[in-house]
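Student: Chains as they are written, first to last, in the numbering used here: chain B, 1 to 322; chain G, 1 to 362.
Among the hints, a few may not be true.
[What the hints assert, rightly or not] One-sided and incomplete, this derived list gives chain G residues near chain B with beta-carbon spacing under 7 Å:
| no. | residue |
| --- | --- |
| 1 | N116 |
| 2 | E117 |
| 3 | G165 |
| 4 | E169 |
| 5 | Y195 |
| 6 | N203 |
| 7 | S207 |
| 8 | V332 |
| 9 | E352 |
| 10 | Q353 |
| 11 | F354 |
| 12 | W357 |
[Claimed, not checked] No farther apart than 25 Å at their CA atoms in a straight line, the calculated lysine-lysine pairs in the BS3-like style are these:
| no. | chain 1 | residue 1 | chain 2 | residue 2 |
| --- | --- | --- | --- | --- |
| 13 | G | K348 | B | K321 |
| 14 | B | K311 | G | K362 |
| 15 | B | K321 | G | K356 |
| 16 | B | K222 | G | K86 |
| 17 | B | K287 | G | K345 |
| 18 | B | K216 | G | K282 |
| 19 | B | K321 | G | K4 |
| 20 | B | K311 | G | K300 |
| 21 | B | K44 | G | K348 |
| 22 | B | K222 | B | K321 |
| 23 | B | K321 | G | K300 |
| 24 | G | K237 | G | K154 |
| 25 | G | K358 | B | K216 |
| 26 | B | K287 | G | K356 |
| 27 | G | K358 | B | K43 |
| 28 | B | K222 | B | K185 |
| 29 | G | K358 | G | K12 |
| 30 | G | K348 | B | K287 |
| 31 | B | K321 | G | K274 |
| 32 | G | K346 | G | K358 |
| 33 | B | K311 | G | K346 |
| 34 | G | K300 | G | K42 |
| 35 | B | K222 | G | K358 |
| 36 | G | K42 | G | K287 |
| 37 | B | K216 | G | K356 |
| 38 | B | K43 | G | K348 |
| 39 | G | K345 | B | K311 |
| 40 | B | K194 | B | K250 |
Just so you know, the hints here were simulated from the structure itself, not pulled from any lab data. Note that beta-carbon positions come from the ideal geometry of N, C-alpha and C, so glycine has one too.
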Amino acid sequence: MTIVQAINNALDIKLAEDKNIVIYGEDTGFEGGVFRVTEGLQKKYGADRVFDSPLAESAIVGTGLGMALSGLRPVVELQFDGFTYPAFDQIISHVSRMHNRTRGKYKVPMVIRFPYGGGINALEHHSESPEAFYAHIPGIKVVIPSTPHDAKGLMISAIESDDPIIFMEPKRIYRAIKQEVADDKFSIPIGKAKVLAEGTDVTVVAFGAMIRECQKALVMAKEAGISVELIDLRTIYPIDKETITRSVEKTGRIVIVAEAPTGFSVGAELIAIANEEAFLHLEAPPKRVMGFDTIVPLARGEHFFMQTPEKIFYEIERTVKF
Amino acid sequence: MIFKDFDPKEDKIFRIIDNEGVVINNELMPDIDDETVVKAYKAMLYARTADEMAVSYQRQGRMYTYPPNIGQEAISVAAGMIIREKDWLVPAFRELGAWLAKGVSLKEIFLYYMGNEEGSNFKNANHMLPFSVPIGTHLLHAAGIGYSINYHKKDEVVFTFTGDGGTSEGDFAEALNFAAVWKAPVIFTVQNNQYAISVPVRNQTKSINLAIKSYAYGIPGIKADGNDFFAMCAAYKQAAGYAKAGNGPVLIEAFTYRKGAHTTSDDPSKYRSKDEEIEGEKTDPLKRMKKFIDNKGIWKEDEEKLLEEFRIEIDQQFSEAENFTPYRLEDVFQYTYVDLPDDLKKQKSEYEQFLKWKESRK
Ligand SMILES: Cc1ncc(C[n+]2csc(CCOP(=O)(O)OP(=O)(O)O)c2C)c(N)n1
Ligand SMILES: [Mg+2]
Chain B
1 MTIVQAINNA LDIKLAEDKN IVIYGEDTGF EGGVFRVTEG LQKKYGADRV
51 FDSPLAESAI VGTGLGMALS GLRPVVELQF DGFTYPAFDQ IISHVSRMHN
101 RTRGKYKVPM VIRFPYGGGI NALEHHSESP EAFYAHIPGI KVVIPSTPHD
151 AKGLMISAIE SDDPIIFMEP KRIYRAIKQE VADDKFSIPI GKAKVLAEGT
201 DVTVVAFGAM IRECQKALVM AKEAGISVEL IDLRTIYPID KETITRSVEK
251 TGRIVIVAEA PTGFSVGAEL IAIANEEAFL HLEAPPKRVM GFDTIVPLAR
301 GEHFFMQTPE KIFYEIERTV KF
Chain G
1 MIFKDFDPKE DKIFRIIDNE GVVINNELMP DIDDETVVKA YKAMLYARTA
51 DEMAVSYQRQ GRMYTYPPNI GQEAISVAAG MIIREKDWLV PAFRELGAWL
101 AKGVSLKEIF LYYMGNEEGS NFKNANHMLP FSVPIGTHLL HAAGIGYSIN
151 YHKKDEVVFT FTGDGGTSEG DFAEALNFAA VWKAPVIFTV QNNQYAISVP
201 VRNQTKSINL AIKSYAYGIP GIKADGNDFF AMCAAYKQAA GYAKAGNGPV
251 LIEAFTYRKG AHTTSDDPSK YRSKDEEIEG EKTDPLKRMK KFIDNKGIWK
301 EDEEKLLEEF RIEIDQQFSE AENFTPYRLE DVFQYTYVDL PDDLKKQKSE
351 YEQFLKWKES RK
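Chain B on its own, in the form it takes in the complex:
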């Protein structure tokens, strides 16, 4: 399965299992979404469960909240990272805090899913990585898978969560990775990172499409005799401090790889964790291998902005040699 198919499969399993799940968004119903993640689901479950909404992100999320408060479990789709912002007000002012404001009387079992990230030569506003904005909102959980297997297991958990989940899908690898994924239902816990490779010299933390780039960098590092521990964060918030801390205590070095601008980012949070939890173990300054603090350039300039295996290796080596 690809990531697209794995998410489709997870949605399919949950739609079959729970009559209260509804799915909607722009082009999400009849066409199955511009990336075909929801393809075939309207046919199978009917247009009152899987449907196209009018074109308005704030309305998609705001109505989703209403549904979640009244017995449904909506899984709404926003078409692209750069078009989630019209819904930002609903997310920060309502979705995230209804449970708290009602002192637990109302839960918000909803998933807001959207493709994110660059590297596909897209138009303006189609290549952004806004995970830090959303992870910064108390009351919201943010999940980002990097493989088809994880995409399925995490999506099942996201739909079953009684807290609102932002589920960001790395569009660059939507179809690039094929993997055997079990047909049956399984779930992967939200809030748990995964150690993809064990190592002793440096901890590299990444997520989403950057995992694949890091794996390529690891090959280069190995040739250079550097032993890298690679961690796939999988959930941005709640962030898995324990896995990060244990690894940094062992390696004494941390390099974070992500697509978003460097400043005020998930990278900044991870460095804070390394400092707060493993300060005395650090042997080199933590390093963020992330985008410039600029707007994501259009296609012609994007190669400067995106993290490549070579750049990741360069920073790994500098950190180890520090």
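Dock chain G with the ligands against chain B, hints included.
Tutor: Chain G with the ligands only, in chain B's frame:
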């Protein structure tokens, strides 16, 4: 005022020529001389040729995703005939005719769709904003510019556009309301091409048409045949007169049909029938205009020859875009702020260090 005669409540459509190019509403025919009619037809042909070539460049992998205007040319070419140099154009992304009239070059448009921000600079187009990809959001800018025009007592009008899908965004409602409250001189055009990607307009709204939304804001609205150049021209003339006289904004629904795909990444056969497309073909704005011209016998040139000239000229502009100065590292940074903060200067120089290292490994 035609806006009164074609009340959106009655779901009337303002039309001047029929599908055979025959004038069915002579009274309201705008006063346009033959030479201008031919000029407008050529502008439509040019826009279509450019679109067809853009789609083919994209297929050849020489350009990225592109949203063609095919089938909708009469609207923005008509707007382009009425808009003046000092008037403002606040576009969405499907108004090629108006951009060109404003002075944007095809080279710039191609450059933008090749993924270079330089294409949004519009060196020779005064008072025009870049294309707006986030649907509907730019309509508010048009309202703000309208306020500014009133404030400075200027003789200017703002032309702004969105699609049928765009009318569902909150910003659409807010922009019309603000412009109305401020009596801002803004002409809002909704190009109703009947689709928002795969979603047909009947699933977008329960309004009987889109022009009727004007009622909610207390402004004039009209549903015009967007594939009828003359109807669009007449509507824009009246709208511009109304706005310039200090009466405030108007809403024009330009009823049309998106003949092509939403963009080069889209496949409409997934969500609409061949029959429907064949039906849509009958209202093609270029064919109608050509029939009108032929009926009147006002143009004798060889169209094939003209098209060939267009193709050569368009290809020339494409080459210029293709051969544009290669994208440099500093292009990523330089316009982020008026003065580049030190932190960004450092990020740039660190990247240069990396590039040196990379070079040294070769
Ligand atoms: C805020 C926002 N949401 C979603 C999109 C993705 N998108 C691009 S075009 C489009 C449909 C627009 O339909 P319409 O307004 O009718 O204009 P048309 O493309 O038909 O000219 C969508 C949903 C976007 N660009 N901006
Ligand atoms: Mg449309």
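Student: State for each hint whether it applies.
Tutor: Hint check results:
1. N116: Cβ of G:N116 sits 5 Å from chain B, so the hint holds.
2. E117: Check passed: Cβ of G:E117 comes within 6 Å of chain B, closer than 7 Å.
3. G165: holds (4 Å)
4. E169: holds (5 Å)
5. Y195: violated (10 Å)
6. N203: With a closest approach of 6 Å, the G:N203 hint holds.
7. S207: violated (11 Å)
8. V332: holds (5 Å)
9. E352: Given a least distance of 11 Å, the restraint on G:E352 is violated.
10. Q353: Status violated, d = 9 Å.
11. F354: holds (6 Å)
12. W357: holds (6 Å)
13. G:K348 - B:K321: Holds. G:K348 to B:K321 sits at ~22 Å (cutoff 25 Å).
14. B:K311 - G:K362: Holds, because 14 Å separates the two Cα atoms, which is no more than 25 Å.
15. B:K321 - G:K356: Roughly 18 Å separates the two Cα atoms, so the pair holds.
16. B:K222 - G:K86: Measuring from Cα to Cα gives roughly 63 Å; hence the hint is violated.
17. B:K287 - G:K345: holds (18 Å)
18. B:K216 - G:K282: The hint is violated at about 55 Å.
19. B:K321 - G:K4: Cα-Cα ~77 Å, so violated.
20. B:K311 - G:K300: Violated, at roughly 62 Å.
21. B:K44 - G:K348: The hint is violated at about 52 Å.
22. B:K222 - B:K321: The given pair, whose Cα atoms are some 14 Å apart, holds under the 25 Å limit.
23. B:K321 - G:K300: violated (77 Å)
24. G:K237 - G:K154: Between G:K237 and G:K154 the Cα gap is close to 18 Å, so the pair holds against 25 Å.
25. G:K358 - B:K216: Measuring from Cα to Cα gives roughly 16 Å; hence the hint holds.
26. B:K287 - G:K356: holds (19 Å)
27. G:K358 - B:K43: violated (52 Å)
28. B:K222 - B:K185: Given pair B:K222, B:K185 is violated - Cα atoms ~36 Å apart, limit 25 Å.
29. G:K358 - G:K12: violated (66 Å)
30. G:K348 - B:K287: Roughly 16 Å between the alpha carbons, so the hint for G:K348 and B:K287 holds.
31. B:K321 - G:K274: Violated. B:K321 to G:K274 sits at ~64 Å, over the 25 Å cutoff.
32. G:K346 - G:K358: Holds. G:K346 to G:K358 sits at ~18 Å (cutoff 25 Å).
33. B:K311 - G:K346: holds (17 Å)
34. G:K300 - G:K42: holds (13 Å)
35. B:K222 - G:K358: holds (18 Å)
36. G:K42 - G:K287: Measuring from Cα to Cα gives roughly 12 Å; hence the hint holds.
37. B:K216 - G:K356: holds (21 Å)
38. B:K43 - G:K348: violated (51 Å)
39. G:K345 - B:K311: holds (19 Å)
40. B:K194 - B:K250: With a Cα-Cα distance of about 16 Å, the restraint between B:K194 and B:K250 holds, given a limit of 25 Å.
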